Each structure stands twice: as structure tokens, then as C-alpha cells.
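S.K.: These are the residues of each chain, in order.
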Amino acid sequence: MLLSLLIFLPLVYALIVMALPARFSRPVSLALSGLHFVFSLVLLARFDVTTADLQFVEQMDWVKSFGISYFVGIDGISLWLVMLTTFLTPLTILGSWTAITDKVKGFHVAMLALEATMIGTFLAMDAVLFYVFFEASLIPMYFMIGIWGGARRIYATVKFFIYTMFGSLFMLVALIALMFMTQEMLGGQMSASILDFYKLEIPFVAGQFLNSQTLLFFAFALAFAIKVPMFPFHTWLPDAHVEAPTPGSVILAGVMLKMGTYGFMRLGLPLFPEAVEYWSWLFMLLAVVGIIYGALVAMVQPDIKKLVAYSSVSHMGYVVLGLFAFNAYGLTGGLYQMLNHGISTGALFLMVGMIYERTHSREISQYGGLAKAAPWYTILFVIVTMSSIAVPMTNGFIGEFLILLGGFEANPIFGAMAVLGVVLGASYMLWMVKRVFFGGEGEIVTKYKSAGLDLNIREAVVMAPLIVLIFWMGIFPNHFLRGSKASLEHLEKNMRTYELGIHNPSQKDQSEKYSMAEERGE
Amino acid sequence: MPMTEAFLNVGLNHYLILSALLFTMGMIGVLMRKNVIVILMGIELMLNAVNLSFISFSSYSGNLNGQIMVFFVMTIAAAEAAVGLALAVAIYKRYKEINIRFFEQLRG
Amino acid sequence: MNEQLLLGLLVVLPFLGFLFNGIRFTSKNYKLAGTVASTASGLCFLISLTLVAKLIGMPEGERVITSHFFDWFLAGDFSVSASFLLDPINAVMILVITGVGTLIHIFSIGYISHDERPSKYFAYLNLFLMNMLILVLGDNLLVMFVGWEGVGLCSYLLIGFWFSDPEKAAAGMKAFITNRIGDAGFLLGIFMLFLSFGTVTFSEIATRLPETAEMMWTGPITLACLFLFIGATGKSAQIPLYVWLPDAMAGPTPVSALIHAATMVTAGVYMIVRMSDVFVLAPLVMNVIAIIGALTALGAATIGMTQWDIKKILAYSTVSQLGYMFLAVGVGAFIPAMFHLMTHAFFKALMFLGSGSVIHAMADEQDVRKMGGLKKYMPITHFTFLLGWLAIIGAPPLAGFFSKDEILWYSFASPAGHWSLWVAGVIAAGCTAFYMTRLMCLTFWGESRVPKEVHPHESPVSMTFPLIVLGVLSVVGGWIGIPHVLGAIIPGHPPNVLEHWLEPVVRMLKPEHASAAVEFALMGISLSVAGISAYFAYDFYLVHKDRPTMVTKKLGGLYSLVSDKYRIDEFYFGRIINPLIDLSKGLWLYIDINFIDKMTYLASDMVKGSGQFLRSLQNGNLQQYALYISLGVVVTITYILMGS
Amino acid sequence: MSTQFEMLDLLLVSPAIALFLASLIPLAIKVLRGNTESNSVATIMYGLVGVVTAMVLTLANYGIDKVAFQGALRFDGLSFWMQMVVLVVAAVTLILSRDNPATNNRLFSEYVFLLLNSLVGMMIVAWSNDLMSLFIGIETMSLCLYILIALSSEPRKSKEAAFKYFVLGSFASAIMLYGISFIYGTVGSTYIQDITQVSIQLMNTNRLFLFGVVLTILGLCFKVSVFPFHSWTPDVYQGAPTPLTAFMSTGVKAVSLAFFLRFIAMEVIVSERAILLMNALEWLAAFTILAGNIAAIMQDNLKRMLAYSSVAHSGYVMMGILAAGVGGESILGASGVVFYIVAYTIMTLGAFGILVLFEKRAESSLEVSDLSGLGARNPWAAACITIFMLSLAGIPPTVGFFGKLFIFSAAVKQGFFWLAVWGVIGSVISVYYYLRPIVTMYMQNDEGASVLQTKGLTRLAISVLAISVIVFGFIAESIYSTVTSDLASLFF
Amino acid sequence: MLGAAIPFYILSFLVLFFAYKTITSPNPIHCALHLAITMINLAFIFFGLNSPFIGGVQLVVYAGAVMVLFVMVLMLFDLKTEVRAFSRGLFSSFLKVASSGFLAGILIVGVLMSTDMLDVTSDSVGVGVKATSSTDIALLLFNQYVFAFEVLGLLLLLVAVGAVAVSRIPGGTHAND
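Residue numbers (my numbering), protein chains in the order written: chain A, 261 to 782; chain B, 14 to 121; chain C, 111 to 754; chain D, 75 to 566; chain E, 61 to 237.
Simulated from the structure, these hints should not be mistaken for lab results.
Among the clues, some could well be false.
[What the hints assert, rightly or not] Only pairs whose alpha carbons sit at most 27 angstroms apart, straight line, appear in this in silico DSS-like list of lysine-lysine:
#, chain 1, residue 1, chain 2, residue 2
1, C, K664, C, K480
2, A, K566, A, K363
3, E, K140, B, K109
4, C, K664, A, K632
5, A, K709, C, K664
6, C, K138, A, K632
7, E, K81, B, K109
8, C, K480, A, K566
Given the structure is predicted, the values throughout are model-derived calculations rather than measurements.
Work the whole structure out from these sequences, hints included.
M.R.: Set out below in C-alpha cells:
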């Protein structure tokens, strides 16, 4: 029941918010989503870190004739992404306290529905259920960008929707093909369970494109690559981010992009090992190109938000590089970088939103000298920037280091090229910081200085947990990594024959709960 | 000479070919004429061709069902003609127009 | 108290100082801020002394204190722990860092008193101290890298301390990004080492070295060393990444003294010495290092002769001196490198602080052409500066003499050395003597060119006290490393303390045919070159003041090339950075907007175009529709019949 | 030749009889009242009574597999489902018609009479096991529709639509009939079971039979508006009064597709010579999906847009029909088709139905831009439109998604991989125009011209449909498995 | 042989000729009359195919009732000879004729290539089958096809009601009642 509650409680919350008058929307949804975060901590505390198997499994027939079931479970790969979702949602709601003034109720309903679908995506262990959540999550985001977005919101939201839909429909066809393959394997009964998919041995011919494993892999990869987004499918992202309202950007960058990389980890890599191995050069190449390209293009953006959006392209390139390096470092780093990116880019978007709320401008050229007018804001922004450019002791470093190490081991040339991204990353972020915060006072700063540009208490409260996490994750990454360790090792060691079991909680002897470790103060 | 023999020995083929030609003429009528009434006539021609086809099959195979079908087709053709003409009359009365070009408001 | 805790405290104390000042960063109470920061730093110095004392108390060869705090992170077989290691090498470092650091903290109290944000300044200083200590204390490459990047960050923050000035902010950014290039190399070096040895811990690398060395193929190690050296060029301002350091003078002068002269910039040298066991396996890289070091020493020294900004002169001097250190490590003279690192820390910090004192007195004027004759206004500053001057030009028996000459000797005599390296070193020494003398002449001696509205005055005690201490150190600092040949003739036969101290942990490439006569001869040559240069400078700038212009005219283009710093910055901006930005704009415009987006638009236009076409087919004409039906029938039947 | 037919046969066709009898009531009352319209609510109540009676009778016959009238009609799972679908469609259409000014005029009794008899025709099509019965059923259904469309109060476009529909419908009927005559000539019978026995052999050897099959299939393609036989669809759907559009786009299509399924289940495209026929149909399906979706993008009129969308949906169903026709796991295709028809009916009925609420006058036509700001003005209507559009676009967890899932599954399973890819591309294109109304309603804040009528019954019906779209998504399995077991007898 | 062939060819020629006239005559009345003649000729062909009943029905229903309907409607419209009887558009006209002709060609080729495979006797008309009597047809009609026959009745009722309704449609001629 735990996981189902985790998925569907936000929907209940959404109904509650819908039922209450609009003036209660903000506090109620904040309280409920905060509660939900606490609830997810319960999950974390009960999570057994020693096993790579699925835990808290729930399975229920749904469409029996196709073997589709309501099948949810959690392992080390999903764990932190779920936590990230529950963590970011209340912060985002609080962060949008004054940013959203129109149709407040609808916004919070969308937000909570989005939370439900995102958690569902990370927990679904049935391929069709995964697809359902994967697609359903588009709808609230679509509304969020389209209703509360900027001037070109409609263009952006439609582009976002169609782009994503384009990829995922190919995935649907591939899913169906896999379901029929399981039917052959299981002797008649179809199954859409990802666990059964893992058992498939899909024929593969190296060097050819037209063989089932390669085609299926590319169908999946297209869906995920668009979602991530990888170069050259990234152009929806800057538009979506620029037009989205702050909370939309935060969730989009913070969680939704991870659905793509999560998809690679959950489905792409273990299902098609030979194809992944054979084609990894392509994905690593695209990832590296994405890293460098994203960084270069970010450098010349005139709009802060667009800059951050392109930086997402670059950062997600790291994640993909790590995943396709397919060694322990790369995988660990990739997973960690997903969380990092969620936190640091989420924080960046929040902060950009905060200043935008005051000045209604995101033009870098109009700023300058903000550090004097808003010192606290500047400090936090610089900290987040440091996290984003992976300065050690912040979370970003751990992820990037491991990814680069993994990438370097897998392919020294690509690894070395990706390291170049570290330099470029610093360049565009610091150049932006310099132009926005330092130097002489920009026109917009002069104009709004008297109104007070620095953070208020609420915004400080929003940022505080993020800042704490940036350092916590940077200094004590093991607190987080140990939750995923077993799963990642399992994935790395059994690449060719990856399978997942279902954890049987009755065997208590070996299990080690997260809470126990926390008590030991490790 | 097989050609002449085939020509003179009237069989099912000949009727079917006649039917095909007749059907085509009906089609051309529907496709080409501007007058809606004549278009309806074209449809009648097509149905007649079908009837011919049915009858010839029926009588060459000694299977009576075909004749029943022709009977049905005729009835339905009559009904169709009635409906078509009723529509044409209704439209004509209001708009004084039976040119097929009249029906081009719905497009795109 | 046990050692582990003390090691931890070394980092925690500056951190607490940072927190204290950081939280109340808007406060203008510079005294409180300075006191707290200086106390933290001073306590660190005391702790360092205690620790070094303990280290001395241990038997030779086992002088190691380690402290494991926690496992930092694990991934697969990659594991790295947050732990510290104290051995003779970094014992020297922490003493220098905390000692000089404390002095500079104290100096800063006076220096920063008029600033708006003293607390912030001291917070940064303490943060720097913390990171620098992490850098030198780390027991593995990754912890070192933490400090490595951390000091870069502090350097960025401190250079851009007066961020309202866009140029200063840009200088900070330049420093960080240039360092980042080096850091990227450093990362690659870590990767290579990890992939070769399976560990990043210094001690484990050392234990695994012999096996690897036996394998004979040193390709990966060579590459790793090269990458690490790239890292070092970034941090320690060597060719080709030295360009940030002169610009870094935009920061407050004590910062220049601490970070950009005494401590941070020497991190590269420290790192190579720390990894010396690995580097000696890569002779090729050693040669590269030596050549780069010599070139840097020479190039920077020549630029230093043409500069007019007091801090810029010192900055190029620093680059040049760092070049010496790299020359030393490149020829395998690790201990002399450490020695020079230490003495340089003393006299260069002294000179920077002195210049700070001057600048403070001159109301933020940095152009030496507007100074002169300051001797009478600022006697203490002048005197201490004089000591620094003597030390740097290598006047015996001051600190610089011993260290520099040892480096020159090794560059000549070491198996990895070469006479040309020595020649470069001597010429650089000559240049050094020239520009330093020039600086003295223009600043302190001669008649005053000070504008009327400026009233130079001696600095307060908090500023002069550190100067005095450092002045003393500049004199006596060299006595712990007196070379054997000199020690043999000096009364009392002072031993080479430093070499004894470091020998158990650092494996040097010893000169094979050491001849005392040659060593003396070389020493004499370099001394006389320095002396002659100094005399020329004195002559040029105090006696025959028209000569510089004359020489300048004669040299013409060469002079302007040198005074334009060989136009390296212009080259970087014109050939690399601006093209890169243009490229990025091009990518954005032509790839993103005009290609990828265009492709999607093209797809949607295709769809819309076919939609338009379908619309035109749907022309409302009933007979047209009937035609489609008949065409459909005909085409379908034809298609089916075609195949059969 | 003693007994003509059994009592059971009459029992089996009783739904049609009930409908016919019910249809007479309003007409009789009108005549008795001296040719004046009675209360329209009463009129549709008579109709609804007939529909409900027919429904009860249909349900009573559930689970049987019988032929009646010497094999002319067949009562099996497929016909049961189609009966239910068209009965639901009819019930909703009756409600919509009453609330629409274009249909609720002084000929309303005749309208209801014709509507119910058109329904009878549909049921005959659904039952028919004989090409002749099929033809008669189609004609009954269509002739009523021609007249029904013309009965609209709208003076111009409805007449044009009626006439276009009439001419093209007759034209296509003639072509189909010609095909039937070939089948009759080569087989000697028009009964499905007779044709099935020889179809594989004849397809390989006899060209006339091939012509017959092709022409018949293409005639059916006209009815289900497959490219390039679809060109009447947008014009007629747009010109017809909206309730009738809903009726046609769902009812007519459902039963035509059902017969298509029955026809293709005769294994006419299994044999090797028929590969090309199969290929041709694949192409037609792909083109239908693309043409429907692409043309829909260009439309500003909502009704016309939905008309093109229904063309595209025919393409998806064609995928399923093909999957049902090539042997092997045909049942997947068949169940997929029936499920898709059910899903499609619900959502299309709802989508057209809600347009009725915007029509204040008979001439009203609704542009997409008229909807702007509806999200704020009328959340209920906006939410309903959103649900229907998302379902039509196939976004989970709506019933439309499952329809697509099952169809794509069948296609992939049966080897129509590329067809599935075309379907996917079509779906992507379709998202664009399905999103347009949503964009307009929620994201454009200017006041649109649309005014919602307060029609309780229609609102109720649409709410029920909207809820079913979601609910059917969750109970998709039970429907699908029931359909599968009901269709088992379709394949011999 | 010849005896069967000559009437067939004459009738065929007449049918095709008048069908041609039907679709080409500029005056709709002429079209209608030509159509009537076509149908009468067809009726004779039906007679020749041993189907006297159908032939009779053809005469009565088609040539009689339906054609009268057409002619009456035409009278009602009072149409003159049309100036442009055919749709415009050279290309589409070409396509129309070409596609129809092509269809005819394919059908004819198909017929020629397939009828020998038919399970029918193709040498002479109705071997072994007498001219069908109306009794046989009636028996079939009321046995096997009784349902269809009943539906046909329904259909006629519908058409009757429908036609009346159409004449009274709002905005139609009887709009004023």
C-alpha cells in the first residue's frame, strides 16, 4: 500500500484543493505536499539498502489479456528520484507563492497531479503503466506552461507536448513488440512487466540497423533522448523553460527531464545490452556534443532563463555520458548527477524566478551590480552556481567527477572532451554571474532598487533546504549513494543478464534499513 | 478461327463486357454532367449495368438468387431515385438551381 | 591532544572563522572581524607548530600523522575517504601557510579598515586558509582537488572583492576560468592515475609504484603526469596559463600577498613534489616542466622590466619565481624547489605587503612613476622592502640567495639538467635584479614625484609588524637550507636542515658529478650577473635618467612587444576566446535556430503544406469527389493486378 | 420449402421490430393531431422507449451465436456489441436532436421516425451475414440519413450535404453492388459462410472474384471513409446538423466497420495472391491516418476538424481490421477493432455532442477561436472538451489510449510494423489539432464568441460520456476480455 | 450460334448507343428519353437471358415508374437545352474519362481472363434451366429472402414518408403552413 499511497495521495490532495475555495489553495497544497514529503521519508526509513531487488512491491492485474498489471515497486534507482520529486514539490509550491496570481486553484491542482504522475513514472514496474504515467505527466505540465507561462507560451507548450509525444509513441510500439516477445517466452501469456522484459533475449546483429534489438532500442532511445533532452532533440527545452512559469521550469528541469535518463537506466540499458554496447559510441558522442554544445550556446544567451535551460542540456549530457559509459562510476555518477541537476538547476530556476518577479526582466544586459542591491540573493546564487559548475564540496562535483571518470574509462577521447565541458560550464555560469551581479549598476537594478531586490523570508525558507542539500550531498554523498549502491552494482555487474527479483521482507536477517544507518550517524 | 468464334459464340463474357461498358457509361455520366438530374440518371445506368451482370450470372449458372437480387436492386434504385428527385425538387424550389456547381459551399 | 583531532581543527578553526564573519558579512566592524579571523589563523599556526613538533619527535622515516574522518564516496571499486596526512613535505607547507597567513591576516586589519565589507573580506580569507590547508593536508588526490578548486574559488571571490568595478570582476572570472582549464587537466590526471593504479591515495600509489615501474611501459604515467602538470600550470601561473595572475592583482593587496604570492600559486609545486615519485618515472614530462619553468622565469622577468604598476611588477616577478620552482622540480631538485617555495613566500609576501603599505599610503595609487622618495615618509616599509629586495635579487646571505643558487646549480648539474637551463636561469636572475632595483629606485629612492594632494605616511603598527616579521624571515629563512658546499666553508658548518628534513620522503635526482669548484664558479657568475644588472638599474633610474628612454627607442618594436606582455592576452582573446564566442553565437543561430528548429518547422511546414494540398483537393465539387472514388478504385485494382 | 422461418428468427430480430414500432408512434400521433408537432420531449421519449426496449431485447439475446432467415442474418458477439453501440448512439442522438435547433423543428416526428428506422438499417448491417442483406441494410440506413440531413432547419449547407451524401453514397453503392455481383457470379451465393469456404481458393485463381472482393471492400471503405473515398466526410459532417453528425460518425461507421470485419474475416486477404490486396489496404490505412490528421490540422471549424479526425480514426481501425484479416492471431485484431469502435464511439459522440450546446441557431457554426476563454467561463464544458480531445489523441489513461494500444498491439503482433509506425506519426500530428481547442480554451484569455446553451439532458448525456471516457480506461480489461470471448466465433 | 448472336449484338448496340446519348445529350429531357429506351432495350436483353419476370419488372418499374418520375421532375423544372452540359476542367475531365475507361478496360480484361474458370456452363444460354417462372422467384422471395423483402417494404415506407417530409422541409415550398 505504501507505494500506491505515494502515487495516488497527491491526486487526493488535488481533489481536496479543488474542493476548497481558491484562497486556501496555497496553504493547503503546501501543507499537503509537505506532508507527502514526510510520508516519503517513512518510505526512505523503511527502505532496505542491502538488496538490489524490488521492494514494497504491489501487483494487481489490470489488462490481463495483455499481461498489463498495476505493478509498482521501488529499488535503489527509483528511490532518490522519488524523494527528489516529493522534496521539490512543496518547495516549488512555496516558491510560487506570489508568482502565481491567476487561477491559483487550477495551478495547485496541476502541481499535485504532476507530482502523482511523476512519482508514478518512477515507481511503475509495468511497462505500460510506466508509459501511462510517462505520458500523463505531460498533461499537467502542458497546462502549466500554457496557462501560466510567458508570451510565447502556447508555441512553447505545444512544441513541448508534440516533441515528447513523438518520441514516446515510438516507445509504445516498441513496448508492444516486447510484450509479444514475452508472450513467446512465457508460452502464451503476455506480460508487460519490466521484470519479464529483462528475461528476454532479443536477437541482435552487430553492424546492422534492421534487427529487432537495435530497432527496439532506438525506439526507446528516441523517447528518452527527446525527454532528456539530448542533442539534437533539445530545442524544445529552451523554449519550454523560457516560457514556463517558475514552478513549471523547476519541476520540468528538476524532475521531468530525469524521466528520460531514468528510462535509460530502467529500460534502455538492461533490456538491450548488446545494442547499448554496440551503439554506446553514438550516445556518448551525442552526450559529449550535448555537453559542449549546450555549454557554448548557453554562453551567448541574452536571457538568464534560457542560459540555465541550455545549461540543462549540457548537464543532462553528462548524465547520459555516465549511463552509456556503463561502468560503476558512470552509472553512479549518472544517477547522482540526476539528483544534483534536480537540485541545482531547480534552485537556479527558483532564483531566476524570484528576481524576475521583482523586475520582470530576464535580460542579462539589463542587469549588473545586483550584488550590491541584493547581497543575500547573490550569496545564494553564487552557491548554487558553484554547485552547478561542480566545485568540490558541492553536490555537483561528486556526480560530474564520477561521470567523467566513468566516461574516461569507457572512452578516453570522449571522456577528455567531456572534461572540456567543465571549463566551459564555469565560463558561461561565471560570465553570467559577472554580468548580472558584478560591475556597474544595470538599468533595471537602478529602477527597482528602492523596492528591495533581496530575498524575503519566504524565499529564504525555500532556498535553505536546497542549499543545505547542496552541501550535504557534496560532503556526505555516501548517505545518498548507499541507498542506490546495491542496485547500481547489480546493474553494472549483470549487464548482459540483468534481472530483478522481488524482495521478500520476511527474510530479516540481512536487511539493513536506511533509518538504522542514520541512527548510527554514518 | 478462334477470334470470330469467340465473337459469334455469345456467352457470359459478352454480357459481362456489355455490363462493364454500360457501368462505365453511367460512371462517366455521374462524373461529367452538370445537371443533377442527369447525374441521377447516370446512377440509374450504373445500377442497370449491375442488374445485367446479376442476370447474366444467374442465367448462366442457373442460380435464381441473382434474379431476386435484381429485383431488390430495382426496388432500391426506384427508392433512391425518389429520394434523389425529392431532394432535387426541394433544392430547386428554393434556389432555382440544378447545376452541380451549386453544391460547392462546403469545401476545404 | 591527539594528532587526529588537531589535524581536524586545522580545518575547522578557519571554517568557524569563516562562518562567524560570513554570517555577519554586512558588518563594518573591521576590528572584530579581523581579530576573529586572525585568531583563527593564529591558532592554526600554533597547532601547526605543535604538530610539526610532534613530527620532529617521531623517528626519521616514520614521520607521518594521518587522520581519517569519514568515507567520502564510493562507486564500484572507486573509494575515496576524507582523510588528512601530515608528513615532512606538507609540514613545511602548513607552517608557511599558517605563519605567513597569520601575518597577512594581521596586516589586513589595518589595510581593510576603510572598506565597506571587512567582515566579508575576512570570511573569504579564512575560507581560503581552510581550503589551502585541505589542499596540502589531503591524503589523496581528490581531497587535494577539493582544496585545489576551493582555493581557486576563494581566489575568484577575493580578486573580485571590489566587484562593482567590472574589470576587477572580470579579473576574478579570468582567474577562475583559467584555473579551471588547469583543473580539467588535473582531473584527467587523476583519472589516468586511478585507472593505472586503482587508487588515488598518495600512500597507496607509492606502494604500487614499483610494480608499475617494472612494467616498463610508462605511457599512462607519462600522460597522467602531463595532465597533472597542466593542472599545475593553471594554479601556479606557468606558460601558457599564467595570464590570470597579473590580472589577479585587481584584488586587495594582502590577498595578492597571501594567495598570489605565498601560498596558492605554489600549490602546483607542492603537488608535483608530493607526486615526485610518479613524476620521476616520466622523464619526458620532467623535461617539459623544466623547459616551461625556465621559459616562464625568463619571459615573466623580461615583462617585469617594463611594467609601471607596482603590483604588476611584483606579479610578473612572482610568475618568474614560480618558473624557478618549476625549473627546479623539472630537473628533479624537489627539495630546492620546496626551499625556494618557502623563501619566496617570505620575501614575496613581504614585498607585496610592503607595496600594500605603499599603496595604502599613496591613497590607492599603484603607478611607480607617481612615487619616488618614499623612503623618508615610510622608513619601516622602506627598510623591510629593502630586505625583500636583497633577498630576491639573491644577495648573500639572505634567503633568496641560497634557494635560488641551489636551483641554478641543480639545473646545471642534475642528470635531468642542462647548461641551457642554467643560462636561462641566470639571465632571468639578472632581469630580476634589474627590475627589482628599478622598483626600489622608482618607489623609495630618488626625488619624490608624489602628487601634491597625496600625503604619504607610515602605516599603523598592525601593518608594519607583519612587515618586520617577514623582513626578519627573509633574512634568516634561508639559513635552514644552506647548501653543503657553503656550509662547509662557513664557520660552524651549519647543516642543510631542510634537506635532512625532507630527504626521507622526497627522492631527488642528485647531481652525479658534483664538483665544489664548479658550483662556486657558477655561483659567482650568477651573483655577478645579478650585481651588474642591479647596478645598471640603479644607473638608469637614479643617475642617468634619460637612458631608459634611449634604450627603449633603440629596442623599438622589441620593447613594445615586451611591455605589451608579448601580446599573449590579445592572442588568447583574439584567437581563442572571441572566436569561441562567435562560434557559439553561430551554433546558436545556425544550428539551433536555423537548423534544428528549421528542420522541425520544415517537418511541420511539410505537414501543413500537404494539408493545404489536401484542402485544395477538397474543393467542394461533388464530381471531383466521385473522381477520387473512381481513381481510388482504378489505382487499387491496378496495383493488385500489377503484381499478379 | 415448407417452413419459411422460425419463431426464433423473429425473436432475434425483435429489437429491430421494436424500434420500427416505436418509430411509428410519434408519426401516428402527429397524424392524429392533425399534422401538428407534439411536445418534443414526448417525441424523443417514445424513441427512447423504443431504444431501451431494443436494448433490453438485445441484452436478452446476449451470448448466443445463431443465424436467422436461412443464414441471411447472424447473431453473435460482434452483432451484439454493434447493436449496443448503435443503440447507445441512438439514445444520445435523440437527446441531442431534441436540444438542437437544426433538428428540433416542425418535422421532428418525421425526424425521429427516420432516425429510428435508420437505426433499424444499422442493426441490419450489423447482423447481416449476406451481402444482399448488407446492401439492403446499408440502403435503409443511408436513405434515411439522406433525408434526415435534408430535414435540417438550416437552409443551405444541410441541403448541399444531403445531396452530396446522396449522390456519392449511391455512386459508391453502385460500385459495391457491382462487386457483389461478381462475387455472386463466381461463388453462386452471397452468404458469408458460402464465400468463406471458397474464398482462399478463388482468390488465387479467379480474377472476377478478386474484382468482386476489391470492389466490395472499396465500397465499404467509402462508408467508413477511408482515403481516398473519404472526401464526402468532412463536407457532409459539417453540413449535417450536429446531432446527426454524431450519429453518422459513430453509428454508420461502427456498423460498417463491423461488417468490414466480418467480410475480412472470410480470409479474403490471407491467400498469397491476396498479398497485394493486403498491401493496398495497408497503404490505404496509412494514407487515411495521414490524410485525415494532416487535413484536420488545417481546419478552423470544429465540426470539420472532428470530421477529419474521424477519417483518421478510420485509418486506425483499418489497421486492426487488417490485423484481423491475415490469419494467425486474428482475434487480437478483431477485439481491438471492436474495442476501438466502442472507445471511438464514446469519445466522438461526446465531442460532437458538446458542440450541440454551442448552437443557438440552426445556422450556428463553431470555430476553434470561438472557444477562447471558455476554461474560465465554463469550466465544465472546457473540462469535457479537454477529456474528449485528450482521449481522441490517445493520451493515457483515457479510453482512447487503450483503443490505440490494442490496435497497435494487434498490428505489431500481426507484422504490420510499419503501419504501426505510420499510425504513430499520424498520432503525433493529431496531437497538434486536438490540443488546439484546449489551448484556445485555457490559454487564450480573450473572450470567445461561444455561448453555452443550458440544456439539461444534453449536459447529462455528455457528462456521462466524459466520465465513461475515464472509467472505461480503467475497466478496459474487462471490456476487452469480454469482447475477445464474444468474438471467438467470428473466425471459422 | 448466329441466331443468338445477332439479336444480342443489335440490342447491345442499342443499349450502348442510347446510354451514350443519355449521358451526352445537352437537353435533360432527351437524356431521360434516351435512358428510357436504354432500359427498354435492357429489358429485352433480360428476356433473352431467360428472365422474363425481371424483364417485365424492368419494363414496369424502370421504364415505367422511374422514368416517369424523372420526366415529371424535369417538366416541373422546365429545363432548356444546356449550353454547357459538362463539367469544366480539362485535366479533371481527362482524368474522369481516363479512369472510367481504364476501369472498363481492366474489367473487360478480367472478365475475358476469368470466365472460363467459372463454375458455369458458358456455351449457351440457360442450359438445363427453363425460363424462370415467377413462381420460383416468389418461392425464393418468401422463403430465403423474406426478411430482405420485408425490409424492402419498410424501405419503401420510409422513402414515402421521407419524400413527403422533404417536400415540407423548413424553407421549402410549403414553408408557409
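S.K.: Would you mind marking each hint as holding or not holding in the structure?
M.R.: Hints versus structure:
Proximity of C:K664 to C:K480 is assessed by CA-CA distance (about 25 angstroms); at most 27 angstroms being required, the pair is judged to hold. The straight-line distance between the Cα atoms of A:K566 and A:K363 is roughly 26 angstroms, inside the 27 angstroms bound, and the hint therefore holds. Pair hint E:K140 plus B:K109 holds up; C-alpha atoms about 13 angstroms apart against a cutoff of 27 angstroms. Of the pairs offered as hints, the one joining C:K664 and A:K632 is violated, with about 49 angstroms between alpha carbons and a cut-off of 27 angstroms exceeded.
For the hint pairing A:K709 with C:K664, the CA-to-CA distance comes to about 55 angstroms; that exceeds 27 angstroms, so the pair is violated. For the hint linking C:K138 to A:K632, the alpha-carbon distance of about 15 angstroms falls within 27 angstroms, and the restraint holds. About 26 angstroms separates the Cα atoms of E:K81 and B:K109, which keeps this hinted pair within 27 angstroms; it holds. Annotation: proposed proximity of C:K480 to A:K566 is violated, straight-line Cα distance about 48 angstroms (limit 27 angstroms).
Hint check: violations occur at hints 4, 5, 8; the rest are consistent with the structure.
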